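Quick mapping for you: the protein sequence lines, in order, are chains A and B.
Under our numbering, read the first sequence as residues 6 to 276, first letter to last.
Under our numbering, read the second sequence as residues 533 to 965, first letter to last.
Honestly, the hints are just simulated from the structure, not real lab data.
Here the structure is a predicted model, which is why all the values come from computation and not from measurement.
C-beta: ideal position from N, C-alpha, C; glycine also.
A portion of the hints provided could be inaccurate.
As the list claims (entries may be wrong) - Pulled a few chain A residues facing chain B out of the computed Cβ check, cut under 10 Å:
id	residue
1	MET157
2	GLN158
3	GLU159
4	PHE161
5	ARG165
6	SER176
7	THR179
8	ASP182
9	GLY241
Stated by the list, open to error - Calculated cross-link-like contacts (lysine to any residue; reagent style SDA-like; alpha-carbon spacing at most 20 Å):
id	chain 1	residue 1	chain 2	residue 2
10	A	LYS163	B	ARG909
11	B	LYS804	A	ASP182
12	B	LYS682	B	CYS851
13	A	LYS166	B	CYS851
14	B	LYS562	B	TYR608
15	A	LYS166	B	LYS682
16	A	LYS163	B	TYR608
17	B	LYS682	B	GLY862
As the list claims (entries may be wrong) - For each label pair, taking beta carbons as the anchor points, the in silico distance ranges come out as:
id	chain 1	residue 1	chain 2	residue 2	range
18	A	GLN164	B	ILE813	21 to 29 Å
19	A	ALA23	B	GLY651	52 to 60 Å
20	B	LYS847	A	LEU170	47 to 55 Å
21	A	TYR213	B	ASP711	40 to 48 Å
22	A	HIS235	B	GLU646	47 to 55 Å
23	B	LEU613	A	LEU170	40 to 48 Å
24	A	LEU19	B	GLN648	43 to 51 Å
25	B	MET642	A	ALA231	25 to 33 Å
26	A	GLN164	B	GLY790	18 to 26 Å
27	A	LEU19	B	GLU687	25 to 33 Å
28	B	GLY651	A	PHE228	55 to 63 Å
29	B	GLU757	A	PHE228	51 to 59 Å
30	A	LEU170	B	ASP614	50 to 58 Å
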Amino acid sequence: MSASLFYITFGIYLAATACYMIYLAKPLAQTGKLARWLITGGLAAHVLFTLLRYFEAGHTPITNLHESLSFFSMAVVAVFIYFERKFKIIVLGSFVTPVALLLMLVSSLFPSVISPLNPALKSKWLVIHTVVAFLGYASFAVAFGAAIIYLMQERFLKQRKISGLFQRLPSLDTLDDINYRCLTFGFPLLTVAIISGAIWAETAWGTYWSWDPKETWSLITWFVYAALLHGRLTTGWRGKKAAILAVIGFFVMLFTFLGVNLLMPGLHSYK
Amino acid sequence: MNIVVVGLSHKTANVEVREKLAFSPTQMEKPLNALLALDGITEGVIVSTCNRVEIYVTTRDIAGGIARVKRFLADYHNFPLDTLENHIYAHHGEDAIRHVFRVASSLDSMVVGEPQILGQIKTSYGYAAEYKSSGIILNRFLHKAFSVAKRVRTETKIASSAVSVAFAAVELARKIFNDLSDKTVMLIGAGEMCELAAKHFLNNGVRGLMVTNRTFERAEKLADEFSGTAVRFENLFDQLHKADIILSSTGAPHTIIGAGDLGEVMSRRRQKPMFFIDIAIPRDIDPAVNDVDNVYLFTVDDLQEVVASNLQQRKEEACKAEDIVSEEIGQFFKWLSSLEVTPTIVALRNKFDEIRRAELEKTLAGWKDMPPDGQKRLEALTNAIMNKLLHPPTTLIKQAGQGGRTDLYVDAVRALYGLEIGRGQDEELELEE
Numbered sequence: 006m007s008a009s010l011f012y013i014t015f016g017i018y019l020a021a022t023a024c025y026m027i028y029l030a031k032p033l034a035q036t037g038k039l040a041r042w043l044i045t046g047g048l049a050a051h052v053l054f055t056l057l058r059y060f061e062a063g064h065t066p067i068t069n070l071h072e073s074l075s076f077f078s079m080a081v082v083a084v085f086i087y088f089e090r091k092f093k094i095i096v097l098g099s100f101v102t103p104v105a106l107l108l109m110l111v112s113s114l115f116p117s118v119i120s121p122l123n124p125a126l127k128s129k130w131l132v133i134h135t136v137v138a139f140l141g142y143a144s145f146a147v148a149f150g151a152a153i154i155y156l157m158q159e160r161f162l163k164q165r166k167i168s169g170l171f172q173r174l175p176s177l178d179t180l181d182d183i184n185y186r187c188l189t190f191g192f193p194l195l196t197v198a199i200i201s202g203a204i205w206a207e208t209a210w211g212t213y214w215s216w217d218p219k220e221t222w223s224l225i226t227w228f229v230y231a232a233l234l235h236g237r238l239t240t241g242w243r244g245k246k247a248a249i250l251a252v253i254g255f256f257v258m259l260f261t262f263l264g265v266n267l268l269m270p271g272l273h274s275y276k
Numbered sequence: 533m534n535i536v537v538v539g540l541s542h543k544t545a546n547v548e549v550r551e552k553l554a555f556s557p558t559q560m561e562k563p564l565n566a567l568l569a570l571d572g573i574t575e576g577v578i579v580s581t582c583n584r585v586e587i588y589v590t591t592r593d594i595a596g597g598i599a600r601v602k603r604f605l606a607d608y609h610n611f612p613l614d615t616l617e618n619h620i621y622a623h624h625g626e627d628a629i630r631h632v633f634r635v636a637s638s639l640d641s642m643v644v645g646e647p648q649i650l651g652q653i654k655t656s657y658g659y660a661a662e663y664k665s666s667g668i669i670l671n672r673f674l675h676k677a678f679s680v681a682k683r684v685r686t687e688t689k690i691a692s693s694a695v696s697v698a699f700a701a702v703e704l705a706r707k708i709f710n711d712l713s714d715k716t717v718m719l720i721g722a723g724e725m726c727e728l729a730a731k732h733f734l735n736n737g738v739r740g741l742m743v744t745n746r747t748f749e750r751a752e753k754l755a756d757e758f759s760g761t762a763v764r765f766e767n768l769f770d771q772l773h774k775a776d777i778i779l780s781s782t783g784a785p786h787t788i789i790g791a792g793d794l795g796e797v798m799s800r801r802r803q804k805p806m807f808f809i810d811i812a813i814p815r816d817i818d819p820a821v822n823d824v825d826n827v828y829l830f831t832v833d834d835l836q837e838v839v840a841s842n843l844q845q846r847k848e849e850a851c852k853a854e855d856i857v858s859e860e861i862g863q864f865f866k867w868l869s870s871l872e873v874t875p876t877i878v879a880l881r882n883k884f885d886e887i888r889r890a891e892l893e894k895t896l897a898g899w900k901d902m903p904p905d906g907q908k909r910l911e912a913l914t915n916a917i918m919n920k921l922l923h924p925p926t927t928l929i930k931q932a933g934q935g936g937r938t939d940l941y942v943d944a945v946r947a948l949y950g951l952e953i954g955r956g957q958d959e960e961l962e963l964e965e
């Protein structure tokens, strides 16, 4: 049951992404509306899948890569829908939904078997730590989408190619604003995730911080975004610089999430 | 009833002719009354803009109507009629409807897609409605023209892109800043295009304007005009960080702002974007300025290129708009011709009845030994024959009316039975043409 819901969600995301792509090429109001309906419907199916999986497994379905990638994708869609409503910028979807779709694709490649919960993860902290972390990741993913559009628009302007796609994408200020809002949304969440992780580590492993690769890379991610936020608030790092850092931050974050799990053995390597 | 359009536009007359024939928009009562006083003209609307003077009337007599309106236009402005003939066009029937729909949709404008014309026609119609010179047909006609124009505007991109340099600059600024209401424009130097662009920015809601000039008095004068603030030229770099959009057109032989000048300016602005528009030749602003982060430099040539590509796009969109116009003509023509159906049927019936009565009277008058119920029975007989004969043509015309192709049948029936509704003149006109 939950497996078929996974593929239904995947299918709806695929359709929504296609709609957003068509909208990017030819911005008709109906296409935008349809895309919005699809992505919202996809999210509903996704939430249902996660709940079902929760009852089937008896714990938050976030303990292997199949589950956590799917959960990440769901968080990206949820945060995207929030920002899309807020800024009323449909083309943002053309750059964010592919990320969610890609995450689903990768998730589907990992085995979906429900294995008994690792005893170390049996804790109320599991929900808090992971949900907060993924919401933070998701807002960085939306910031990444906005940053990519920003860099495109910047380039169009500098090269004075201001017809065609340039006309259909939002203004620099709007994109920069989305970038900033995502940052102020995601950074506190990332901070809470790290702190809650440390507390949990203390109860589970007896030490707050053990320089496990996941912990180290989380800290690196945190520093990248902290630097961006600091630069913004003090010396007015905005625009291109902020966009580039948002892109870098996103890849560092992806490495923290995926690379560490797959490549580096450590306490956090749940596959 | 026919809709007739008589007029001249930028396509047929130069500005000297147009201004001699223009009507003052504030004094429309007199010409509208004079127009309605013309023989055979039942409704009239006068549209007068700087690019066109057009008169829309309804009349039964197309050829006569056109001639009278032309003479009216010449006489009213004391303009020689034979010269006027060289500049004037006249349309009737479907062509007249197409013409007005195209004008309202800005397909006939000098700059295709410019938005003012619709408002101008609406104002002109407003006067006609106020002085009651437009009636059932022109009311419906112009409302239809407005809705066609609206359809064209929403369904095509004919008016969606800037086709003047000043507008292109404003649009570009919106792509950088999104919201202009908290932005400040700085004018460096003076010049027609610079001031025009500044005006556009002010109309689009920028917060403030600063003006600087080597001659401070000129800066003050211009600042007064736009209710902005004047800045001494020596203080340019102390004030530059306050400006978001800079329009520069000095006559300086060398550049006045270089990339090196902007480092400090940008840090004082905390890296907020700046948009430079260099209107001067030779350039006022070093092209390297464009390489500074968050600074965007455009020259007039760049903007002109945008305008040229937008104009091309408008041309393509105009084809779509023409299709919409054609579609709507059919619908309106259907309504217009349905106006003819009922009177034609009534006339046909009256004609038949007239013949029936005349013949009946003749028969009754000479019939000596008529039975007592003879007259009654003859009445019934002739009535029945008449109704049977009338039934097929009546049904056919009515059905044709619903399908919009009445003109053919209505004309045929009128010609066949010599019905007098005053369409006899139409044939003459067609022969003339």
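Each hint tested on the structure:
| no. | hint | in the structure |
| --- | --- | --- |
| 1 | MET157 | violated (12 Å) |
| 2 | GLN158 | holds (7 Å) |
| 3 | GLU159 | holds (9 Å) |
| 4 | PHE161 | holds (9 Å) |
| 5 | ARG165 | holds (5 Å) |
| 6 | SER176 | holds (4 Å) |
| 7 | THR179 | holds (5 Å) |
| 8 | ASP182 | holds (8 Å) |
| 9 | GLY241 | holds (3 Å) |
| 10 | LYS163(A) - ARG909(B) | violated (96 Å) |
| 11 | LYS804(B) - ASP182(A) | holds (12 Å) |
| 12 | LYS682(B) - CYS851(B) | holds (16 Å) |
| 13 | LYS166(A) - CYS851(B) | violated (26 Å) |
| 14 | LYS562(B) - TYR608(B) | holds (10 Å) |
| 15 | LYS166(A) - LYS682(B) | violated (31 Å) |
| 16 | LYS163(A) - TYR608(B) | violated (57 Å) |
| 17 | LYS682(B) - GLY862(B) | holds (17 Å) |
| 18 | GLN164(A) - ILE813(B): 21 to 29 Å | holds (22 Å) |
| 19 | ALA23(A) - GLY651(B): 52 to 60 Å | violated (41 Å) |
| 20 | LYS847(B) - LEU170(A): 47 to 55 Å | violated (21 Å) |
| 21 | TYR213(A) - ASP711(B): 40 to 48 Å | holds (46 Å) |
| 22 | HIS235(A) - GLU646(B): 47 to 55 Å | holds (50 Å) |
| 23 | LEU613(B) - LEU170(A): 40 to 48 Å | violated (56 Å) |
| 24 | LEU19(A) - GLN648(B): 43 to 51 Å | holds (47 Å) |
| 25 | MET642(B) - ALA231(A): 25 to 33 Å | violated (58 Å) |
| 26 | GLN164(A) - GLY790(B): 18 to 26 Å | holds (21 Å) |
| 27 | LEU19(A) - GLU687(B): 25 to 33 Å | holds (30 Å) |
| 28 | GLY651(B) - PHE228(A): 55 to 63 Å | holds (58 Å) |
| 29 | GLU757(B) - PHE228(A): 51 to 59 Å | holds (53 Å) |
| 30 | LEU170(A) - ASP614(B): 50 to 58 Å | holds (56 Å) |
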